[in-house]
Amino acid sequence: MVSVRTLALVLASVLTVGSPCALAQLTITERLSLTGTVEAVAGGRLTIRDDEGGRHEVRVQKADEQSVPLADGRLLAFPADVRISGPVDPAKLKPGQVVCFRCRLSARAATDGEVSEITVVDAGDATVGVAWSHGTPEGNTAADCVVTAAVLRASKGRLAVELPPDTPFKKKTVIACKLTGSATAVIESRDLRRIEPGATVVRLEGVRLDTGDVVAKTLVAENPAAATIAARGDDALENKYRSLSAEPPTEPRLVRSPHFAFLTDVSDREWAVIRDKLERMVGLLERFFGRKSTGVVEGFIVRDLAAWPRGMLQEPMGIEKIRRREGVCFTTSLGPNRRAELYSCTDHGVIQRECVHGFCHLTFGSTGPTWLAEGVAELGNYWRDGDPAVEIDPVGNGYRADLAAWPWKARFRPLAAGVRSTATVQAARGWQASGVTVEKDLAYAIAAPGTWRTTKAGEPCDADADGDAGRGRLVAAVFHDFTLTAELPLGAAATFVAPTAGQLFLRCADDWTQLADNEGEITVTISRE
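Position one of the sequence shown corresponds to residue 41 (this note's numbering), numbered consecutively onward.
Worth flagging that the hints you see were computed from the coordinates, not collected in a lab.
Remember, predicted model here, so these are calculated numbers, not experimental data.
All clues stand as given, with none of them false.
With a Cα cut of at most 30 angstroms, we get these calculated DSS-like pairs of lysine-lysine:
1. K449 / K480
2. K102 / K361
3. K280 / K196
4. K102 / K132
5. K196 / K212
6. K211 / K134
7. K196 / K132
8. K218 / K280
9. K211 / K132
10. K218 / K132
11. K496 / K102
12. K210 / K196
13. K218 / K196
14. K361 / K257
15. K134 / K196
16. K212 / K134
17. K332 / K280
18. K134 / K210
19. K257 / K102
20. K280 / K102
21. K212 / K132
22. K496 / K134
23. K211 / K280
24. K280 / K212
25. K257 / K496
26. K280 / K132
27. K210 / K280
28. K211 / K196
29. K134 / K218
30. K134 / K102
Have a look at the derived ranges for each label pair, beta carbon to beta carbon:
31. S173 / A265: 26 to 36 angstroms
32. S222 / W411: 53 to 63 angstroms
33. D121 / G169: 22 to 32 angstroms
Where is the CB? At the ideal position from N, CA and C, for every residue including glycine.
All chains, full assembly: derive it from the sequences and hints.
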């Protein structure tokens, strides 16, 4: 259900855009409250189908980000309260995921009895350890407690978790538990990356801006029952450095690794995670290029500009990039001596991307042509331990060049009167060759029975795709002299007049950034009238 209250007077809200120091006037035109189903997830953007059939593109600020990107590329500080829950198979828990459960445990880490309920929690918010309900037991006596720890291994009827040393046992860090036959596991998370297509939106409160963007303020969602919870690439790293402090230092300090040296005000734990990501990235780059890294990328990783002494950061462009939650790598050469200096916010992807430029300059003396430099640098942004997924920055988040590729090698032939030709059109691709050339001002008939989907969790629709802005409708265009005509809306059965002579192309109408989650295909029959 959607409840929309349009403000009688336009409500002007001064919101932070681009940086903490840059203010821009944005107007809230509507306040929205809706329930429904998540149809697609792409980074910080959700496609939600409400209970009345309406479709909404909703932007959500991630918990570890200071802003949410709008469609025009600007950054808006708009924190969201995100709560995600859902059942999962206890036997499919992944190593590194942090769980919480009640059990009976002795002071020597021996368990007594079985565990019946497990909760998967966010590693960043968890306090790992053992909390005794009525004080620490003595000797072999077991007592009630709550254990919060990282999964070591899980199987049907068994669960083993690992605690950091001295938390609280001096010699034993692994706790092995038996599970009841009816043991259950649920996820309780504030991490937007945990939401799955098909999740039920219990409550979403948000606003529509005068830019057209819908931005969430509150999101409560329940994932569908799942055999497993997808392991995030950062889970293992976060657990590995759980014992390090998450408190930022009071002033910047020098941190080092084999290929990097930075002044930074991030916590010891966050630096350890960044360091591992960067060193792994260097290894991938060395294998990719077949060259060993030479030199050290230096620079600054800044969490809070106010914490830095005046004059320590000297590059105005670098400071402005940090304010805008971006980064830049300055490169210089003097004879054989090369230097790469990073100025970056704490976004791990930004740091990785800019450090690729530094690696290339130090190793080759140049970052190469722009297309290569930026392409390889973008790969650096994507490389994460155990996570092959790709997230790209707006405005084209979700665009797949492989799905939108033009079929240059396709063959076409003219269609004689009374002759029929068939073509298969896939929902998850862009323009597809019909195999037919059309003649200007002649009429052609189309028949396209069947159904397809325009979202993974959406309902099937036919080629007419009534409503929903035409998504799922069969459309056509004529290609002539390297020019494509305007789209011709067809549907399941239609007759059209060719606006020009040329090759006929067909596709399932959908946003070009949302083809990847489409499913199905329809066989189209074409005949000349």
